[in-house]
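For the protein sequence lines, the chains are P and U, in the order given. Just so you know, we're using our numbering here: the first sequence kicks off at 242 and counts up by one. Just so you know, we're using our numbering here: the second sequence kicks off at 24 and counts up by one.
Derived coverage of chain P by chain U (criterion: at least 3 residues anywhere in the stretch with Cβ under 8 Å from a Cβ of chain U; other residues may be distant): (1) 329 to 338; (2) 376 to 382; (3) 450 to 463.
Mimicking SDA-like on lysine to any residue, the simulated pairs with C-alpha atoms at most 20 Å apart in a straight line are: (4) K385/P to P83/U; (5) K385/P to V374/P; (6) K385/P to L66/U; (7) K385/P to V86/U.
Everything labelled a hint here was simulated from the structure, so no lab data went into it. From a predicted model like this one, the values you see are computed outputs, not experimental measurements. Cβ coordinates follow ideal geometry from the N, Cα and C atoms, glycine included.
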Amino acid sequence: MISAPRSRVGGGGLSGLLLVALPVLLLLWLVLWPVLQAFVGTLYFPGKGFSAASYVYFFSDAYSLRNLWLTLWVTALTSILRVAAAMPIALYLRFRTGSIAALVQSLALFPLFVPSVLVAYAFIRVLGPNGIVDTLLVAVHLPKLPSPYLQPAGPIIGLVWEGLPLTLLLLLSGLGRVSTASVEAARDLGAGGVTIFTRIILPRIQSSIIVALAFNVLGLFSAFTLPYLLGPASPEMMGPYMQRTFSDNADPLNATTQAVITFAFCAAFGLIYVRAIAKGRKGLR
Amino acid sequence: MTDIARLPPAGALSDLRTRVRRREPVDWTGIAFLTGLAIVILLPLIVTAVWAFAEVWRFPAIVPQRMGLGYWQETLTRNDVWQALWLSLSITTTVTVISAAICFPAAYAFARLDFPGRNVLFLAFLSVQAFPKFGLIVATATIFLTLHLVGTFWGVVLIQLVGTLLYMIWIPVSAFQGVDRRLEEAARDVGAGPMRVFWSITLPQALPTLAAALLITFVSTFYETDAAWLIGLPNVRTMPMVMISFINNALEVQYGAVLFVFLWVPSFVLMLAARRVMGADAFAKGLGG
Numbered sequence: 242m243i244s245a246p247r248s249r250v251g252g253g254g255l256s257g258l259l260l261v262a263l264p265v266l267l268l269l270w271l272v273l274w275p276v277l278q279a280f281v282g283t284l285y286f287p288g289k290g291f292s293a294a295s296y297v298y299f300f301s302d303a304y305s306l307r308n309l310w311l312t313l314w315v316t317a318l319t320s321i322l323r324v325a326a327a328m329p330i331a332l333y334l335r336f337r338t339g340s341i342a343a344l345v346q347s348l349a350l351f352p353l354f355v356p357s358v359l360v361a362y363a364f365i366r367v368l369g370p371n372g373i374v375d376t377l378l379v380a381v382h383l384p385k386l387p388s389p390y391l392q393p394a395g396p397i398i399g400l401v402w403e404g405l406p407l408t409l410l411l412l413l414s415g416l417g418r419v420s421t422a423s424v425e426a427a428r429d430l431g432a433g434g435v436t437i438f439t440r441i442i443l444p445r446i447q448s449s450i451i452v453a454l455a456f457n458v459l460g461l462f463s464a465f466t467l468p469y470l471l472g473p474a475s476p477e478m479m480g481p482y483m484q485r486t487f488s489d490n491a492d493p494l495n496a497t498t499q500a501v502i503t504f505a506f507c508a509a510f511g512l513i514y515v516r517a518i519a520k521g522r523k524g525l526r
Numbered sequence: 024m025t026d027i028a029r030l031p032p033a034g035a036l037s038d039l040r041t042r043v044r045r046r047e048p049v050d051w052t053g054i055a056f057l058t059g060l061a062i063v064i065l066l067p068l069i070v071t072a073v074w075a076f077a078e079v080w081r082f083p084a085i086v087p088q089r090m091g092l093g094y095w096q097e098t099l100t101r102n103d104v105w106q107a108l109w110l111s112l113s114i115t116t117t118v119t120v121i122s123a124a125i126c127f128p129a130a131y132a133f134a135r136l137d138f139p140g141r142n143v144l145f146l147a148f149l150s151v152q153a154f155p156k157f158g159l160i161v162a163t164a165t166i167f168l169t170l171h172l173v174g175t176f177w178g179v180v181l182i183q184l185v186g187t188l189l190y191m192i193w194i195p196v197s198a199f200q201g202v203d204r205r206l207e208e209a210a211r212d213v214g215a216g217p218m219r220v221f222w223s224i225t226l227p228q229a230l231p232t233l234a235a236a237l238l239i240t241f242v243s244t245f246y247e248t249d250a251a252w253l254i255g256l257p258n259v260r261t262m263p264m265v266m267i268s269f270i271n272n273a274l275e276v277q278y279g280a281v282l283f284v285f286l287w288v289p290s291f292v293l294m295l296a297a298r299r300v301m302g303a304d305a306f307a308k309g310l311g312g
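Could you build all of it, start to finish, from the sequences and the hints given here?
So, in structure tokens, the structure goes:
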């Protein structure tokens, strides 16, 4: 939230509203209206009245349910893996300074700069059939590993890679609230690393972990590019499924139904995430 | 470091601590993280970059059998590549210009003017983040269908424009709020009008952050894939779509690798500059964090 301006500039009221009008209208037209329209348009049909047939179809269709189930467990597993991968790095960065720590941070944030298409491309060159991992294994006379490419593991690895930086930043901002003094006091009293982590650090960063998980769930539940390029064709995650239903099957009603179902599954996480950002913003100035 | 300064000064404990710290100058944990991250993060990118210069690289050789620029010529003379590049650049420029034209004045209003509903409207831009992105794109696509915007230039521009609203407003708001008010008041005191103050004092101070926001918008719109795919195809084929067709059609590996080096490396350098201006935290927020 932003504080009230300290002094009024110009005309205030009307000119302020006019200046923000265009982006606000765009938001209403292309975010809030589509969401509303998706809910209403999949339930109410002019001339025919209410019908939940497309939802009944989704939840009775074995293929749709398999896609939903795949999406649920890939989302859960990837969110947890992202936090698990980012946590040790975050802890290290919180309690260390110096040139090596700075390098570790730049490397860990590096995926922020790599667009998903390129991640997919690079991933296939490394973990795909006859990729560099296979090459190195053969070079040391080890058998090739089964490639995760076009398996559920494919998008999971790609998505963890892609999501590491933002998860790390969210955890780091939480760790900023843990004072070095309290950790050192516990250490002086003989507490080991695990005790310090579970008893001192974890309780203070709980909310950051929840926000990180919520943020990850929102991004992962309808992830499209990486699951499409790296994942299996059947069953498929909700992102590719919606795309195929909309474009290939030219079936906007069922695609929108699937979209509303993803909204419903993510509603709680959306609320947690947005509330956390809004609250953080309040602290600014 | 500040916490250490708060410890009792000149105590035996802190002396001991400094000595202990001096005796372990090698940060082995850091080196372990560095090695692990270098392999996981950099190796895929380096391998792809090497592919761009490999003319022959047959399994199971560890290094390419023949290096050269042959595939550069072959890739960069492809018609689909140039068409997509010009299309992507014009869509991206259009989105960035419109976004700046409508968002920067709005950001100034949010930062400086008092009007009814100011906080609510400001926070409303967060609502984009509350929905799973691709679901929102599908919902919008359904509306675009009735407006005949699917598969058109302006359809892609509009949907990508919405994606830029949040950070093109939130980042500049911080920039305008960060401007030193005393300078503005001093200028006002010596007789400068409001417009003069804005052009000579406010804008120059906010400019680096505004430029960084523009750059982030440009680069992330250029590589935007999800919306361009659903709304744009089959008529509007942007650069990421061409790269995806290279992946799907299993054409020569090098085509995509050449584009990777040709397009991504320049944008990477620019993004590093933007990050320097804004700091990692604000930067991450800009990217949807």
